[in-house]
Amino acid sequence: ALWAIFEEIKDLCKFLSIPTFCVMIMQGIFGTIPWTVMGNMLLYFQLSGIDDSKSSILTGFQPIAGAFGNLMGGYIADFLAGKFGYHGRPFSAQITVALGIPLIWLIFGGVPAGSGSFGLYFALIAGFGLLGSWAQSGTNFPILSDIVPAEARSRVMAWECALENSIANLLGPPMVTLLATKAFGYTFGDDDGGDGKDLESAAALGKAMQATICIPWCVTLAAYTLLHWSYPRDVRRLAAQRAKAPQANAPNQDGTDRAA
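Just so you know, we're using my numbering here: the sequence shown kicks off at 20 and counts up by one.
Treat the hints loosely; a few may be bogus.
Stated by the list, open to error - Between beta-carbon pairs, the in silico distance windows are:
hint: 1; residue 1: Y94; residue 2: R255; range: 24 to 32 angstroms
hint: 2; residue 1: R255; residue 2: S75; range: 21 to 29 angstroms
hint: 3; residue 1: A202; residue 2: H247; range: 48 to 56 angstroms
hint: 4; residue 1: S173; residue 2: A202; range: 38 to 46 angstroms
hint: 5; residue 1: D70; residue 2: F25; range: 39 to 47 angstroms
hint: 6; residue 1: A23; residue 2: T200; range: 23 to 31 angstroms
hint: 7; residue 1: C180; residue 2: Y94; range: 44 to 52 angstroms
hint: 8; residue 1: K29; residue 2: A259; range: 34 to 42 angstroms
hint: 9; residue 1: Y94; residue 2: S173; range: 22 to 30 angstroms
Stated by the list, open to error - Only pairs whose alpha carbons sit at most 20 angstroms apart, straight line, appear in this in silico EDC-like list of lysine to aspartate or glutamate:
hint: 10; residue 1: K33; residue 2: D165
hint: 11; residue 1: K263; residue 2: E179
hint: 12; residue 1: K201; residue 2: D70
hint: 13; residue 1: K29; residue 2: D97
hint: 14; residue 1: K102; residue 2: E170
hint: 15; residue 1: K216; residue 2: D30
hint: 16; residue 1: K33; residue 2: E170
hint: 17; residue 1: K201; residue 2: E179
hint: 18; residue 1: K216; residue 2: E26
hint: 19; residue 1: K29; residue 2: E219
hint: 20; residue 1: K33; residue 2: E179
Think of the hints as simulated: they come from the structure by calculation, not from any bench.
Quick reminder that beta carbons are idealized off the backbone N, C-alpha and C, glycines included.
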């Protein structure tokens with residue numbers, strides 16, 4: 020067991036020597052923090068005065084729209100990769116993050132709490148799900164699979180997911196709670212009048228959600244820009260390593276092995 024742990028740590032150190040992997044970890048942490056606080060969406064709609072059943076529909080529809088967005092993102096990233104080579108997948112991720120930020124800002128306060136209708140929020144969530152969910156399927160996993168040998172692909176994806184999810188879940192929920200209560204005056208619906216509606220608390224929660232989602236995604240957008248530099252170089256590095264391997268194992272003219 021200890022040897023297996025040592026081997027995993029050794030693999031992680033190898034992955035951390037790859038610039039693209041480090042960029043993916045950075046974007047992954049900041050890109051995942053927003054998803055760790057999306058569970059507050061239901062509460063936000065309820066505090067805004069939307070009844071429980073409609074709030075549940077809106078919240079439940081978001082991952083459904085996101086599933087179609089992931090599918091669409093895969094096709095779009097493949098198309099852009101065909102057109103722009105190694106710059107296509109980072110470009111696809113930049114597009115989806117840039118589209119997702121304003122849509123989230125509108126959902127959690129751009130449309131003032133209490134003034135948005137069910138139909139308007141439904142349209143915004145549909146737009147966000149379809150346009151703001153491309154990165155994982157179209158960019159993250161394909162790029163990770165390109166920068167390591169085939170036998171290491173599962174491990175590199177596992178480490179990337181483990182690091183980004185653990186750190187993001189450690190940071191995201193406390194961050195939105197502290198912002199809502201300490202910075203923006205959220206009161207846990209103490210003055211809701213018994214119907215669950217509390218526009219002041221909704222506005223406070225919305226501002227905290229905007230900050231916890233939009234600011235990390237701005238960092239993510241900047242991180243994806245770095246892939247235009249690191250990704251092509253790491254792919255070429257791996258190709259060079261593969262090309263050297265047969266030469267190292269090829270026999271010399273006298274019949275001896277070069278690697279011997």
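How the hints compare with the structure:
For Y94 paired with R255, a C-beta distance near 26 angstroms keeps the hint of 24 to 32 angstroms intact. Between R255 and S75, the C-beta spacing of about 50 angstroms breaks the proposed range 21 to 29 angstroms. Between A202 and H247 the CB atoms are about 35 angstroms apart, so this pair departs from the stated range of 48 to 56 angstroms. Roughly 41 angstroms separates the CB atoms of S173 and A202, a value that falls within the hinted 38 to 46 angstroms.
The beta-carbon spacing between D70 and F25, approximately 56 angstroms, falls outside the hinted interval of 39 to 47 angstroms. As the Cβ distance of A23 to T200 is approximately 43 angstroms, the hint placing it in 23 to 31 angstroms is violated. The given range of 44 to 52 angstroms is broken by C180 and Y94, whose C-beta atoms sit roughly 23 angstroms from each other. As the Cβ distance of K29 to A259 is approximately 22 angstroms, the hint placing it in 34 to 42 angstroms is violated.
Between Y94 and S173 the beta carbon distance is about 24 angstroms. The supplied range of 22 to 30 angstroms therefore holds. Between K33 and D165 the CA atoms are separated by roughly 15 angstroms; this keeps the pair inside 20 angstroms, and the hint holds. With a C-alpha separation of about 27 angstroms, the suggested pair K263 and E179 falls outside the 20 angstroms cut-off, and the hint is violated. Of the pairs offered as hints, the one joining K201 and D70 is violated, with about 27 angstroms between alpha carbons and a cut-off of 20 angstroms exceeded.
A distance of roughly 32 angstroms separates the Cα atoms of K29 and D97; the hinted pair therefore is violated under the 20 angstroms criterion. At most 20 angstroms may separate the alpha-carbon atoms for a hinted pair to count; K102 and E170 exceed this at roughly 28 angstroms. Of the supplied pair hints, the one linking K216 and D30 is violated, its CA atoms being roughly 51 angstroms apart against a limit of 20 angstroms. The straight-line distance between the Cα atoms of K33 and E170 is roughly 14 angstroms, inside the 20 angstroms bound, and the hint therefore holds.
About 32 angstroms separates the Cα atoms of K201 and E179, which puts this hinted pair outside 20 angstroms; it is violated. For the hint linking K216 to E26, the alpha-carbon distance of about 54 angstroms lies beyond 20 angstroms, and the restraint is violated. At most 20 angstroms may separate the alpha-carbon atoms for a hinted pair to count; K29 and E219 exceed this at roughly 51 angstroms. Only pairs whose Cα atoms come within 20 angstroms are accepted, and K33 paired with E179 is accepted, the gap being roughly 13 angstroms.
This entry does not satisfy hints 2, 3, 5, 6, 7, 8, 11, 12, 13, 14, 15, 17, 18, 19, going by the numbered hints stated previously.
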